[in-house]
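Letter by letter, the chains look like this.
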Amino acid sequence: MTQQVAAVPAGSESNPPPARADFEIVPVRGLAVVAVVLIGLVAVIAANTRWGIDFFHIVGGGMWTTLDLFLGFVLGPILGRLSIPARIEVTTRLMPKMLLIMPTVVVCTLAAGWQLAVQTGDIQTSYSHHGWVVASMIVVAVMAVVALGILEPANLAVLFELKKPRPDGQVIARLMRRFIYSAGVTGAMQVATLVIMTRLATA
Amino acid sequence: MTSDATRGPAAEGVADRKLPPVAEIAVVSIALMLVGGVYLAAQLPGHPALALPVAMVAAGALLTVADMVLLSRIRPFAWPTFFLVFRWGLVAYLVIAGLLGYVFIHDHTPGAAMAVLAATLVVFAFDVPVILAFTVARFQNPGQAGR
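Top to bottom, those sequences are chains U and A. So that you can map any letter, position 70 of the first sequence is 69 in numbering that gives the first Met the number 0, and since no number is skipped, the others follow by simple counting. So that you can map any letter, position 138 of the second sequence is 137 in numbering that gives the first Met the number 0, and since no number is skipped, the others follow by simple counting.
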């Protein structure tokens, strides 16, 4: 996969430069959906209802884990094997949506998860499985460093590059390589999350 | 290997420019915030020891200031694009940090711990847009207007 990604040509006689794509870097209409979800999250935390908090944590966490695993181990390798035009097509349709979906899903999972742990008493240091709770925080911290330091900036920079009148194929290949590597790392960290959360759920 | 026809105007120079490690420093700062944040959160809802989280926030804030100095010295740079991404990134991450802060306030986190957490979230919310904006702007032609 890596070699194929690295071998993406910046352009040659047989591979013309990537064409400029027409797309929104941030889908403006999606912001309304994000706002509704975040208002719902605040309302649920303010009301402190068990079902609502559980809903946001389980749905958010499920989506976060699934998306990371899917991007890291399924779509990422596929993306690395696609032709440049196909890769651009997928990127310009998928990445703008991910810019809104991922931060929303992450903040819902974390905020509702913390509130859930407060309700259940799982954050108490006296809780017998407190070590697992702290382990989950550490895993989230590692994922945050990778996602915020590498994955999201690379994603955004690719979209800006594709907006140029003449996108630079080498820059896109370089950034996509970073994206695919880091998606694999967060995918692997999500496996650790699954182990920790299933341990906690059955404790 | 790469013909000029395949690369944007002046892209060779833009993509391969040697720039100060602004993004890397911001990532280290974020990592410090996360270490302090996790250490603090692991001891709540009691009264956690604050020495380590305070040290992490102070170190992160210093790194952020140093980062701003390094950033301000880059000439030329695609400042319009940088500020476009930074502005919207800051709005987004202030909302995210605000939501996380709200949860801790809602749970009556003790005052001193809350103050350290708030400072941690502020540094975090500032560093992320810096990484986003710098990573985008470094590949733009200097002087290019933001979109």
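Note that these hints are calculated values from the structure, not bench results. The beta-carbon is built from N, C-alpha and C at its ideal position, and this holds for glycine as well. Some hints here could point you the wrong way.
Claimed, not checked - Derived BS3-like pairs: lysine-lysine, alpha-carbon spacing no greater than 25 Å straight-line:
#1 K162/U x K96/U
#2 K96/U x K163/U
#3 K17/A x K96/U
#4 K162/U x K17/A
As the list claims (entries may be wrong) - Each pair of labels, with its calculated beta carbon distance range:
#5 G120/U x P19/A: 10 to 20 Å
#6 R74/A x A200/U: 30 to 40 Å
#7 A85/U x V68/A: 18 to 28 Å
#8 I57/U x H105/A: 44 to 54 Å
#9 K17/A x F72/U: 33 to 43 Å
#10 W87/A x A46/U: 27 to 37 Å
#11 I38/U x W87/A: 13 to 23 Å
#12 V94/A x F72/U: 22 to 32 Å
#13 W87/A x R165/U: 23 to 33 Å
#14 A200/U x H105/A: 37 to 47 Å
#15 T197/U x R86/A: 40 to 50 Å
#16 T197/U x V94/A: 24 to 34 Å
#17 Q118/U x R72/A: 27 to 37 Å
- Message: For a quick check of understanding: which of the numbered hints are violated here, in increasing order?
- Response: Checked against the structure, the hints that fail are numbers 3, 5, 6, 7, 8, 14 and 17, while the rest are satisfied.
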